[in-house]
Amino acid sequence: MSFLSREVPREGIGIYTKSLALIFRHATKNRLNFARDNRSILQSILPHEPPMAFVYVLGCSTPRGPISYVGWTLDIERRLKQHNAGTGARTTRGRAWALLHSESFETREDAMSREWHLKRDRRFRKELLTAFAAATPQQRLGKRVR
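Sequential numbering of the sequence shown, starting at 1, is according to my numbering.
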(Lines of atoms letter the chains of each structure in order from A and count residues from 1; the text may use other names and numbers.)
(Lines give C-alpha, C1' and ligand atoms only; values in the text may rest on other atoms or scores of the structure.)
Protein backbone atom coordinates (compact mmCIF):
# COMPACT_ATOMS: atom_id res chain seq x y z
CA MET A 1 0.00 0.00 0.00
CA SER A 2 1.58 3.30 -1.10
CA PHE A 3 1.52 6.58 0.76
CA LEU A 4 -0.86 8.15 -1.74
CA SER A 5 -3.46 5.40 -1.52
CA ARG A 6 -3.76 5.61 2.28
CA GLU A 7 -6.75 7.32 3.73
CA VAL A 8 -5.77 10.76 5.05
CA PRO A 9 -7.71 12.33 7.93
CA ARG A 10 -9.82 15.36 7.01
CA GLU A 11 -8.56 17.56 9.82
CA GLY A 12 -5.28 19.09 10.87
CA ILE A 13 -2.05 18.39 9.06
CA GLY A 14 -3.48 15.48 7.04
CA ILE A 15 -5.08 17.71 4.39
CA TYR A 16 -1.81 19.59 3.98
CA THR A 17 0.14 16.33 3.66
CA LYS A 18 -2.27 14.99 1.04
CA SER A 19 -2.07 18.17 -1.04
CA LEU A 20 1.74 18.12 -0.91
CA ALA A 21 1.74 14.46 -1.87
CA LEU A 22 -0.42 15.24 -4.91
CA ILE A 23 1.87 18.08 -5.94
CA PHE A 24 4.99 15.91 -5.70
CA ARG A 25 3.33 12.99 -7.50
CA HIS A 26 2.47 15.41 -10.30
CA ALA A 27 6.05 16.73 -10.23
CA THR A 28 7.59 13.32 -10.75
CA LYS A 29 5.39 12.68 -13.78
CA ASN A 30 6.15 15.94 -15.55
CA ARG A 31 8.57 18.46 -14.08
CA LEU A 32 7.73 21.18 -16.59
CA ASN A 33 4.04 21.03 -15.77
CA PHE A 34 4.89 21.15 -12.06
CA ALA A 35 6.78 24.39 -12.46
CA ARG A 36 4.15 25.96 -14.69
CA ASP A 37 1.00 24.75 -12.92
CA ASN A 38 2.18 25.36 -9.37
CA ARG A 39 3.92 28.69 -9.89
CA SER A 40 1.41 30.53 -7.69
CA ILE A 41 1.89 28.00 -4.87
CA LEU A 42 5.66 28.31 -5.04
CA GLN A 43 5.52 32.12 -5.22
CA SER A 44 3.35 32.30 -2.11
CA ILE A 45 5.77 30.05 -0.19
CA LEU A 46 9.08 31.52 -1.34
CA PRO A 47 9.86 35.18 -0.56
CA HIS A 48 10.79 37.15 -3.65
CA GLU A 49 11.01 40.63 -5.04
CA PRO A 50 9.76 41.37 -8.52
CA PRO A 51 12.66 42.08 -10.86
CA MET A 52 13.04 45.71 -11.80
CA ALA A 53 13.72 46.67 -15.39
CA PHE A 54 15.86 49.68 -16.23
CA VAL A 55 16.27 51.97 -19.21
CA TYR A 56 19.66 53.60 -19.52
CA VAL A 57 21.44 56.17 -21.68
CA LEU A 58 25.19 55.81 -22.17
CA GLY A 59 27.55 58.51 -23.41
CA CYS A 60 30.94 58.31 -25.09
CA SER A 61 33.43 60.86 -26.45
CA THR A 62 34.65 60.37 -30.00
CA PRO A 63 36.82 62.58 -32.25
CA ARG A 64 33.66 63.68 -34.04
CA GLY A 65 31.89 64.56 -30.78
CA PRO A 66 29.95 62.80 -28.05
CA ILE A 67 27.55 59.99 -28.95
CA SER A 68 24.81 58.23 -27.00
CA TYR A 69 23.36 54.74 -26.74
CA VAL A 70 19.94 53.83 -25.29
CA GLY A 71 19.07 50.36 -23.98
CA TRP A 72 17.18 48.42 -21.32
CA THR A 73 18.34 45.78 -18.85
CA LEU A 74 17.57 44.05 -15.57
CA ASP A 75 21.03 44.85 -14.11
CA ILE A 76 22.61 48.20 -15.02
CA GLU A 77 26.04 47.57 -13.49
CA ARG A 78 26.47 44.25 -15.30
CA ARG A 79 25.29 45.74 -18.59
CA LEU A 80 27.64 48.74 -18.37
CA LYS A 81 30.55 46.35 -17.72
CA GLN A 82 29.52 44.34 -20.79
CA HIS A 83 29.47 47.46 -22.97
CA ASN A 84 32.89 48.59 -21.72
CA ALA A 85 34.36 45.08 -22.10
CA GLY A 86 33.28 44.90 -25.74
CA THR A 87 30.66 42.17 -25.23
CA GLY A 88 27.64 44.49 -25.34
CA ALA A 89 25.77 45.64 -28.41
CA ARG A 90 27.81 45.80 -31.60
CA THR A 91 27.51 49.59 -31.90
CA THR A 92 29.05 50.08 -28.44
CA ARG A 93 32.18 47.95 -28.90
CA GLY A 94 35.62 49.50 -28.63
CA ARG A 95 34.56 52.59 -26.69
CA ALA A 96 34.58 53.71 -23.05
CA TRP A 97 30.98 54.38 -22.02
CA ALA A 98 29.64 56.34 -19.05
CA LEU A 99 26.13 56.12 -17.62
CA LEU A 100 24.32 59.40 -18.33
CA HIS A 101 20.77 58.58 -17.26
CA SER A 102 18.68 55.66 -15.97
CA GLU A 103 15.04 55.02 -15.08
CA SER A 104 13.48 52.03 -13.29
CA PHE A 105 10.21 50.28 -14.19
CA GLU A 106 8.04 47.55 -12.71
CA THR A 107 7.86 45.50 -15.92
CA ARG A 108 10.05 44.78 -18.92
CA GLU A 109 7.31 45.95 -21.24
CA ASP A 110 7.26 49.40 -19.62
CA ALA A 111 11.05 49.62 -19.88
CA MET A 112 11.00 48.60 -23.55
CA SER A 113 8.31 51.16 -24.28
CA ARG A 114 10.33 53.92 -22.60
CA GLU A 115 13.45 52.81 -24.48
CA TRP A 116 11.55 53.14 -27.75
CA HIS A 117 10.51 56.68 -26.83
CA LEU A 118 13.99 57.71 -25.66
CA LYS A 119 15.54 56.49 -28.90
CA ARG A 120 13.29 58.90 -30.75
CA ASP A 121 13.71 61.84 -28.34
CA ARG A 122 16.76 63.54 -29.82
CA ARG A 123 16.35 66.69 -27.74
CA PHE A 124 16.62 64.81 -24.43
CA ARG A 125 19.70 62.89 -25.55
CA LYS A 126 21.27 66.10 -26.93
CA GLU A 127 20.85 67.75 -23.50
CA LEU A 128 22.49 64.77 -21.82
CA LEU A 129 25.37 64.80 -24.29
CA THR A 130 25.87 68.56 -23.83
CA ALA A 131 26.20 68.05 -20.06
CA PHE A 132 28.48 65.07 -20.70
CA ALA A 133 30.76 67.07 -23.02
CA ALA A 134 30.99 69.90 -20.45
CA ALA A 135 32.00 67.51 -17.65
CA THR A 136 35.63 66.88 -16.76
CA PRO A 137 37.13 63.44 -17.53
CA GLN A 138 37.02 62.53 -13.81
CA GLN A 139 33.32 63.38 -13.66
CA ARG A 140 32.66 61.36 -16.80
CA LEU A 141 34.23 58.21 -15.39
CA GLY A 142 33.09 58.41 -11.78
CA LYS A 143 29.62 59.91 -11.65
CA ARG A 144 26.35 60.04 -13.45
CA VAL A 145 25.74 63.26 -15.35
CA ARG A 146 22.06 63.52 -14.50
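Hint data in this document are derived by calculation from the structure and do not stem from the laboratory. The beta-carbon is built from N, C-alpha and C at its ideal position, and this holds for glycine as well. Do not rely on the hints blindly, as some may be mistaken.
[Stated by the list, open to error] Quick list of simulated restraints, FRET-style, between CB atoms:
1) Ala89 to Glu127: 19 to 27 Å
2) Pro63 to Thr107: 38 to 46 Å
3) Arg108 to Arg64: 31 to 39 Å
The hints, checked one at a time:
Against the hinted window of 19 to 27 Å, the Cβ-Cβ separation of Ala89 and Glu127 comes to about 23 Å, which satisfies the hint. Between Pro63 and Thr107 the beta carbons are some 39 Å apart, a value that agrees with the proposed interval 38 to 46 Å. Look at Arg108 against Arg64: about 34 Å separates their beta carbons, and that is inside 31 to 39 Å.
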